[in-house]
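S.K.: Using the hints, position chain B against chain A.
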Amino acid sequence: MDQLSSTYRLCPDVLIKRWGNEAVVFHSASSDLYHLDEFSTCILARLDKQTLSHAQLIDAIQSHYQVDNLDQLKQQLTDKLNNFIRSDLVEIETI
Amino acid sequence: MKTISQLSQTTIRDHLNGSGLGLCSGPFNILITSSLPAIASGIQTLYANFPYTDSSDFFDFHVNIDTPKTIRRWYRPKVYFSVDGKRPFKPLPKNHALAVLEWGLNWCIANQAHQYLMIHSAVVEKNGIACILPGPPGSGKSTLCAALVANGWRLFSDEMALIEIESGLLVPNPRPISLKNQSIEIIKNYWDGATIGPKSYGTDKGTVAHVAPPVASVLRQFDKCLPAHVVFPKYMAESPVTVKPLSKSQTLIQLVESCFNHNGLGKTGFIGLSDVVDRCGCHTLTYSRLDEGIHAMEQLKAPPHV
Chain A
0 MDQLSSTYRL CPDVLIKRWG NEAVVFHSAS SDLYHLDEFS TCILARLDKQ TLSHAQLIDA
60 IQSHYQVDNL DQLKQQLTDK LNNFIRSDLV EIETI
Chain B
0 MKTISQLSQT TIRDHLNGSG LGLCSGPFNI LITSSLPAIA SGIQTLYANF PYTDSSDFFD
60 FHVNIDTPKT IRRWYRPKVY FSVDGKRPFK PLPKNHALAV LEWGLNWCIA NQAHQYLMIH
120 SAVVEKNGIA CILPGPPGSG KSTLCAALVA NGWRLFSDEM ALIEIESGLL VPNPRPISLK
180 NQSIEIIKNY WDGATIGPKS YGTDKGTVAH VAPPVASVLR QFDKCLPAHV VFPKYMAESP
240 VTVKPLSKSQ TLIQLVESCF NHNGLGKTGF IGLSDVVDRC GCHTLTYSRL DEGIHAMEQL
300 KAPPHV
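Those protein sequences? They're chains A and B, same order as listed. Everything in the first sequence is counted per numbering that gives the first Met the number 0, starting at 0 for the first residue and increasing by one. Everything in the second sequence is counted per numbering that gives the first Met the number 0, starting at 0 for the first residue and increasing by one.
Here chain A stands alone, though its shape is the one from the complex:
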């Protein structure tokens, strides 16, 4: 997967309900329910508003958390996105 040329969006079957830093996600096609931690909430809340590229997500999350170690953040984000894709919560669009 070429992350630089990809954009990510929330799957249409997904509903996200957010309170502050935590959220619950419902996947209506499978009826699966997810209780999100703060980092996951931060990612999906942004994808709930718009389709974003990997770089755009990195920028948004870096500014939110004021992270110094960018490489670590990129890796964490990639891992999370892969989990979300496997769970059908997030779709990938290759340009």
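Simulated from the structure, these hints should not be mistaken for laboratory data. Predicted, not measured: the structure shown is a model, and the values here were computed from it. Hints may contain errors.
[Unchecked claim] Label pairs and their calculated CB-CB ranges:
(1) ARG219(B) with SER5(A): 57 to 63 Å
(2) ASN81(A) with THR241(B): 37 to 43 Å
(3) ASN81(A) with ASP203(B): 42 to 48 Å
(4) CYS10(A) with ASP59(B): 34 to 40 Å
(5) ALA54(A) with GLY265(B): 32 to 38 Å
(6) ASN262(B) with ASN81(A): 25 to 31 Å
Yeah, the Cβ is synthetic: ideal placement off N, Cα and C, and Gly gets one too.
M.R.: For chain B alone, kept in the frame of chain A given last:
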């Protein structure tokens, strides 16, 4: 509206044995037929304050509870519950007949009333503050519910919250409160004047008895109300009473797990439950003494929308 209490037991038996006894229970009209004297006396005891309707009315459920016309009628007699001509359960001992009727009616609602969000919980209301009390068996939900009702809270339901999907309003369905094992004596001693039906011994749940809802709750069985709090009660022996806030997300997760028809309603169900959580205060309540639990419930303030 005429109530069951105005009918003699002979008349009740005649209706049950004939075209049926029409019972108006909250939003549901139920037509009951049975040849069992225990059902006639049980209805007279537990549903005395309920309106009855003519058997030619529209009914949501046509239920029958009877012994089979076989040798089982005499040898270890059992009863069948049937709804609209179908038998959803295996037969159970005849001396559990009244409990079987109650469980059967719960089953009918949980399986068919999908116009509502249905949460496995007790629901009570006082001074316009309605509280949803979800809890698994053994949490003390029904005992606390009965004690609250004994203290002037209005019974919406001991078994399930019915929530209108469009409006978010709680719909009362104040049927008898189901008590199990030690709770029966606890409520008998606690609630002076409680009408408690006969005990069913040796059921899957142990000894079971039902408490008739107070007349005030039945008279207001059409008065809906928005929920104000979701409280997860837990009886814990020797524990001091504690009320703790529960996060909205945790509350939603637990409500989804307690919701009978969340999967069937899909997105609509999730949005409906999210709305409940949005508008309610969310708490856990741990208690060992009923009076302390009730006092804690009385301290809950109305959220802004109420």
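S.K.: With reference to the structure, classify each hint as holding or not holding.
M.R.: How the hints compare with the structure:
1. ARG219(B) with SER5(A): 57 to 63 Å: 58 Å, holds
2. ASN81(A) with THR241(B): 37 to 43 Å: 41 Å, holds
3. ASN81(A) with ASP203(B): 42 to 48 Å: 46 Å, holds
4. CYS10(A) with ASP59(B): 34 to 40 Å: 38 Å, holds
5. ALA54(A) with GLY265(B): 32 to 38 Å: 35 Å, holds
6. ASN262(B) with ASN81(A): 25 to 31 Å: 27 Å, holds
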